[in-house]
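Asker: Sequence:
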Amino acid sequence: MNGVMAKDGLTMQDGRVVLTELGLTAPIQQDKRLLNGTLITTKGQVTNVEGVTSQMAEGDYVSLTGRLTSKREMVEADSVRKLVSYDLKHPGKRKELEKAREKAEKEREKVAKEAAKAKAKAGR
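To convert a position in the sequence shown, counted from 1, into our numbering, add 9.
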């Protein structure tokens, strides 16, 4: 885990399911049944208590309580966290940037309209 403390749970890493418990990470050698009855196979197949089965993909995470989180969901949550952090450090900055972008877009549209008028006028 590159020296970073991992959360307790199961993760698909390099095509193998690894279990992190109490800071120790190791590949699972046999199927693992979680507290809520969810079963995770060594190949990453997750079957919840209702019998619904899904396959873990690279980077997916299952908490010890059975909650499956995809890598994409984790990336999205991290992105939101970064935006919130940026907004706290630079209040109003993103709104300023958005206004500047909109102004530049309107200016480009205006220039394009003028160019089209000039072209139409020259074509007469």
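The hints are simulated quantities; they were obtained by calculation from the structure and are not laboratory data. Keep in mind that a hint or two might mislead.
To be verified - Derived pair list, reagent style BS3-like, types lysine-lysine, alpha-carbon separation capped at 27 Å:
#1 Lys104 with Lys115
#2 Lys122 with Lys112
#3 Lys52 with Lys91
#4 Lys119 with Lys102
#5 Lys91 with Lys104
Asker: If a hint holds in the structure, say so; if it does not, say that too.
Answerer: Against the structure, the hints:
For the suggested pair Lys104 and Lys115, the alpha carbons sit about 17 Å apart, so the restraint of at most 27 Å is met. Between the alpha carbons of Lys122 and Lys112 the distance comes to roughly 15 Å, so the proposed pair stays at or under 27 Å and holds. Only pairs whose Cα atoms come within 27 Å are accepted, and Lys52 paired with Lys91 is rejected, the gap being roughly 33 Å. Proximity of Lys119 to Lys102 is assessed by CA-CA distance (about 26 Å); at most 27 Å being required, the pair is judged to hold.
Straight-line distance between C-alpha atoms of Lys91 and Lys104 comes to about 16 Å, which keeps the hinted pair within the 27 Å bound.
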